[in-house]
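Q: Protein chains in written order, with the numbering used here: chain S, 1042 to 1525; chain G, 66 to 160; chain F, 16 to 492.
Calculated directly from the structure, the hints in this document are not laboratory data.
It is possible that some hints are incorrect.
If you want the ones that stay clear, here's a sample from chain G, every Cβ over 12 Å from chain F, calculated [as the list claims (entries may be wrong)]: (1) Leu67; (2) Arg70; (3) Glu88; (4) Lys89; (5) Ala93; (6) Ser97; (7) Lys98; (8) Asp101; (9) Gln105; (10) Gly108; (11) Asn110; (12) Asp112.
Distance condition first, Cα-Cα at most 27 Å in a straight line; then the derived DSSO-like pairs of lysine-lysine [claimed, not checked]: (13) F:Lys117 / F:Lys79; (14) G:Lys157 / F:Lys79; (15) F:Lys392 / F:Lys474; (16) F:Lys187 / F:Lys230; (17) F:Lys372 / F:Lys187; (18) G:Lys157 / F:Lys145; (19) F:Lys145 / G:Lys149; (20) G:Lys149 / S:Lys1126; (21) G:Lys75 / F:Lys94; (22) G:Lys157 / F:Lys94; (23) F:Lys130 / F:Lys117; (24) F:Lys489 / F:Lys392; (25) F:Lys474 / F:Lys487; (26) F:Lys476 / F:Lys489; (27) F:Lys392 / F:Lys460; (28) F:Lys428 / F:Lys458; (29) G:Lys149 / S:Lys1452; (30) F:Lys476 / F:Lys487; (31) S:Lys1452 / G:Lys98; (32) F:Lys130 / F:Lys145; (33) F:Lys230 / F:Lys94; (34) F:Lys130 / F:Lys33; (35) F:Lys356 / F:Lys392; (36) G:Lys75 / G:Lys157.
Covered stretches of chain G, going by a simulated chain S footprint (3 or more residues, C-beta under 8 Å) [to be verified]: (37) 127 to 140; (38) 144 to 155.
For every residue, glycine included, the Cβ atom is placed at its ideal position computed from N, Cα and C.
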Amino acid sequence: MHHKTIAELAACLRRGEFTSTDLTRRYLARIECLDPHLNSYISVDPEGALAAAGRADVRLGRGEGGPLTGIPIAHKDIFCTQGIKTSCGSRMLDSFIAPYNATVVERLEQAGALVLGKTNMDEFAMGSSNETSFYGPVRNPWDVRRVPGGSSGGSAAAVAARLCAAATGTDTGGSIRQPASFCGVTGIKPTYGRVSRYGMIAYGSSLDQGGVIARTAEDCALILQAMAGFDPRDSTSVERPVPDYSAGLDTDIVGLCIGVPEEWLGTGLDPGVSAVVTAALTRFEAMGARVEQIRLPHSPLCVAGYYVIAMSEASSNLARYDGVRFGHRCRDPADLTDLYRRSRAEGFGTEVKRRIMIGTYALSAGYYDAYYLKAQKIRRLIADDFRRAFEQVDVIMGPVAPTPAFPLGAKIDDPVRMYLGDIYTLSLNLAGLPGMSIPAGFSADLPVGLQLIGDYWDETRLLAIAHQWQQTTDWHRTAPDFEP
Amino acid sequence: MLLDRTDVEKIAQLARLAVSDPEKEGYAVDLSKILDLVEQMNGVNTDRVTPLAHPLDMVQRLRPDEPTEPDQRDLFQRIAPAIKEGLYLVPKVIE
Amino acid sequence: MQWETVIGLEIHTQLATKSKIFSGAPTDFGAVPNTRACAVDLGLPGVLPVLNEEAVTLAVRFGKAIEAEIAERSIFARKNYFYPDLPKGYQISQYELPVVGKGRVRILLDDGAIKEIGVTRAHLEEDAGKSLHEDFHGLTGIDLNRAGTPLLEIVSEPDMRSPEEAVAYARKIHRIVRWIGVSDGNMQEGSFRVDANVSVRPQGEAKLGTRTEIKNINSFRFLERAIRFEVERQIDVIEGGGQVVQETRLYDADQGETRSMRTKEEANDYRYFPDPDLLPLVIDADFIERATQVMPELPDARRRRFRDQYGLSDYDADLLTLSRELGDYYERVAQDTGDPKLAANWVNGELAAALNKAGLEIGASPVSAPMLAGLIKRIQDRTISGKLAKQVFEAIWNGEGDADAVIAARGLKQITDAGAIEAVIEDILATNPAQVEQYRGGKEKVFGFFVGQVMQATKGKANPQQVNALLKEKLRA
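Chain S on its own, in the form it takes in the complex:
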């Protein structure tokens, strides 16, 4: 049951083969049994999930409901859920029960999906390995001594280990794509502005975007369909109709022109990953596509540009965590300054504090031009590179990360080394483009994802390419041998 995709589950539920309650119980049992070894969930809500499953079953019994009715999913713990704790992976919000639902949560609930719980994540989405969470690291179900990737590590691990049918994630610098790649699952980060950020706890506001991690492109299309669309509560949300993603999946890719950035195939790329990517491109050619080399000359600057912008915005976004209206408050503050300083020092982990400090520094008097403004200019150059590339090709492909999942603890003490691992994913966030990671092979028994980058609003095409790929390959069907 838990190996079925959402599309398959929906069909079974409609046919009455099993009920949503059966399915939910199965997932809850698996979570209870397996998650202690993975730590992919921060909160599980059996009562709420089963109650929702019951309601879904009533609707299904009446022949009502849509493609997501009764489907158990999980939300990255960055989305506010009324009544269930939303911690953002941080001690700062360990006691925070949101008094409202994020728009994404509302929409998926309206679409009939039910929530099993909240998945683990790097603290405040700051990380690429899910090792910075207050609730402990998440382990990769393919090899529990390794990281699942981050910051949506919990979501990716849970999907890979079949602890939910799909999970929402967020991607600011690769946080959906990279964990999807490390865990052998499918993830999509839509165009900036496609999915509402209301209720999605902010990290880097001009970069953050909500998306989904599931096992197939078809499933991603179903979830994204419900999530996407204009939200009047979000000024950066775009008033643009949402196409029928599922209807577009069968678009044939013969004649597709694929661009591969020459800057991305150089040194620093693990040979195993390189081999998977090359083989994938060959396969696409066999499917009728054309592969061309393109240039993204400014992409090496993406790490510096991204981190300045993200950290600057984050330093301001996290100023609201001060122990006054919600969240962690230190004991017996001596005065106001002490309240702030200690509540924040105790509430935030080391990586978060580092980024707040860099961001504060970058925006401070005398440094704004050299850092923030300069980074915005780099951003323009990178966006222009992509614009030019898309005049030449239909889609861009390449690696997601330089290596497969690395061991726990390998990079956590070396922030710069950790940041450099994001080199292939960051550019896209700076430009606001949509991207996916799809399972494309293995390197030393660890999953390797292929990154797809589309032009603005080209989610339909990306999903179609991924879907076609998944019709002729089996990587996405492989499950980790994880039954301790």
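Given the structure of chain S, go ahead and fit chains G and F onto it with the hints provided.
A: Positioned in the frame of chain S, the structure of chains G and F alone reads:
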């Protein structure tokens, strides 16, 4: 670009983060390394480049002036650390 | 040493919108603490700002009223600092590109001259909450109802050279914002706040002296006093060999002095940067057109019109255009009665005195414009004398009804029947032969005695002009 303990203290105060003495060294080193990475940006001349603040070429939408939010004080204050008579309590603010 | 004072004013005025600038919470004043602060105002995790159209409209209207440029494209920026009444840890404001650019305002100086004061800019921002320092066992209570209320920050050029000029400017801005409905400008409720930047320099010196910023000024009177005090203080410091420290000072109305605010360890570095949750505000000609379509006639234009159209004196015109409501009221009375001068006398005379005494604004006047016009018409048609009209006015003010009702109830109808008046006069002359002798003997002052007697006998109702004429006639004989 090298940051020292004093720089860390100043930044920490601006950001309202308590940093203990032993931690200051560690942060100074980490932050300096990150700033070195960021220096890479200076490898390219951007004098004629317009900053891109937002990936979208959009303008701000305007909302009609209607009060739509009801009083939910109880709901919001349920999660507050310290409340008295409906007010959020903080250590005395001296002006 | 001759000193020159240089003053610039920063005025924060709350905009008269129904909801907040970035959220849909209501903006009504005086509500129970924290019942007007929604999730967005509280800065809860995940919330986002959406801009209130009316706030922009009002800002544009103000900009047009001060002949300023309206920015086609303006940006919202975050001003970052920590304070308990600032929930997000930053205030959404505007920094490099404000919505309103350079403008100007004309003030009337005491000697009748007109001076132009420049406005550097005006921008939109959100207000913070309030700290209540009542003793909660050594703690402070925070009320966030006000957080998110739209503000327009109006920054003047340092063009003022005296406390009087500063007050005139502040009053002018106050009048304008109330006039065009941009703000209710209530200084007591905090919807109109004035901060003064004050410096001194030797007469003739081009370079500006070090300036201090004075806050906590709650009235125009205090504004004048605060500036005056600060100027003296600065001169004292400099003449005593010291240097003025650039700082923020609070005005203490009780002591009549400015005091240095407890200085923070480091100057605030606000780390302004464009708010990534908001996009550039673009205002086109259509928007400006719609925003200003409903602009009422502005004070200066109205003042000129009252002088020209109604033949009023500068003094009268000035008083009648102090507020839009007062001018509207006056015009109604002037048009109803057809006698603008008489109307002006009454509005600026009896009515103004009664309003002042009762501490009321024109909007709360118990004597409405039609009622006052009604009273004046009874003077015009000689039903009552001007003198008695004052009594009637008082009666109307006290709620005894309109002019006709009062005149009837109190039997105040003027006696204009010549025969009746003659009869009374004859009676008085007959009973006061000694005074008649005196008058006819040349003592002209006695005339007043007779007038008084006639008025007494007729309970003031005899038409004075007729009394005078008939008395003169009778006494001649």
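Q: Compare the structure with each hint and give your call.
A: Now the hints, each set against the structure:
1. Leu67: Check passes; 21 Å lies beyond 12 Å.
2. Arg70: holds (16 Å)
3. Glu88: holds (20 Å)
4. Lys89: Holds, because the least Cβ-Cβ distance between Lys89 of chain G and chain F comes to about 17 Å, which exceeds 12 Å.
5. Ala93: Ala93 of chain G is indeed farther than 12 Å from all Cβ atoms of chain F, at 19 Å.
6. Ser97: Given that every Cβ of chain F is farther than 12 Å from that of Ser97 of chain G, nearest at about 20 Å, it holds.
7. Lys98: holds (22 Å)
8. Asp101: holds (22 Å)
9. Gln105: holds (21 Å)
10. Gly108: holds (23 Å)
11. Asn110: holds (23 Å)
12. Asp112: holds (19 Å)
13. F:Lys117 / F:Lys79: Since the Cα atoms of Lys117 of chain F and Lys79 of chain F sit roughly 11 Å apart, the hinted pair holds (cutoff 27 Å).
14. G:Lys157 / F:Lys79: violated (43 Å)
15. F:Lys392 / F:Lys474: Status holds; Cα separation ~21 Å.
16. F:Lys187 / F:Lys230: holds (19 Å)
17. F:Lys372 / F:Lys187: holds (24 Å)
18. G:Lys157 / F:Lys145: Measuring from Cα to Cα gives roughly 13 Å; hence the hint holds.
19. F:Lys145 / G:Lys149: The given pair, whose Cα atoms are some 15 Å apart, holds under the 27 Å limit.
20. G:Lys149 / S:Lys1126: holds (24 Å)
21. G:Lys75 / F:Lys94: Holds, because 18 Å separates the two Cα atoms, which is no more than 27 Å.
22. G:Lys157 / F:Lys94: holds (23 Å)
23. F:Lys130 / F:Lys117: holds (16 Å)
24. F:Lys489 / F:Lys392: Measuring from Cα to Cα gives roughly 31 Å; hence the hint is violated.
25. F:Lys474 / F:Lys487: At roughly 20 Å apart (the allowed maximum being 27 Å), Lys487 of chain F and Lys474 of chain F satisfy the hint.
26. F:Lys476 / F:Lys489: With Cα atoms ~19 Å apart, Lys476 of chain F and Lys489 of chain F stay inside 27 Å; holds.
27. F:Lys392 / F:Lys460: violated (33 Å)
28. F:Lys428 / F:Lys458: With a Cα-Cα distance of about 32 Å, the restraint between Lys428 of chain F and Lys458 of chain F is violated, given a limit of 27 Å.
29. G:Lys149 / S:Lys1452: Violated - the C-alpha atoms of Lys1452 of chain S and Lys149 of chain G are around 46 Å apart, more than 27 Å.
30. F:Lys476 / F:Lys487: holds (18 Å)
31. S:Lys1452 / G:Lys98: Given that 27 Å is the threshold and the Cα spacing comes to 14 Å, the pair holds.
32. F:Lys130 / F:Lys145: With Cα atoms ~37 Å apart, Lys130 of chain F and Lys145 of chain F exceed 27 Å; violated.
33. F:Lys230 / F:Lys94: holds (19 Å)
34. F:Lys130 / F:Lys33: violated (36 Å)
35. F:Lys356 / F:Lys392: holds (13 Å)
36. G:Lys75 / G:Lys157: Holds. Lys75 of chain G to Lys157 of chain G sits at ~24 Å (cutoff 27 Å).
37. 127 to 140: holds (count 3)
38. 144 to 155: holds (count 6)
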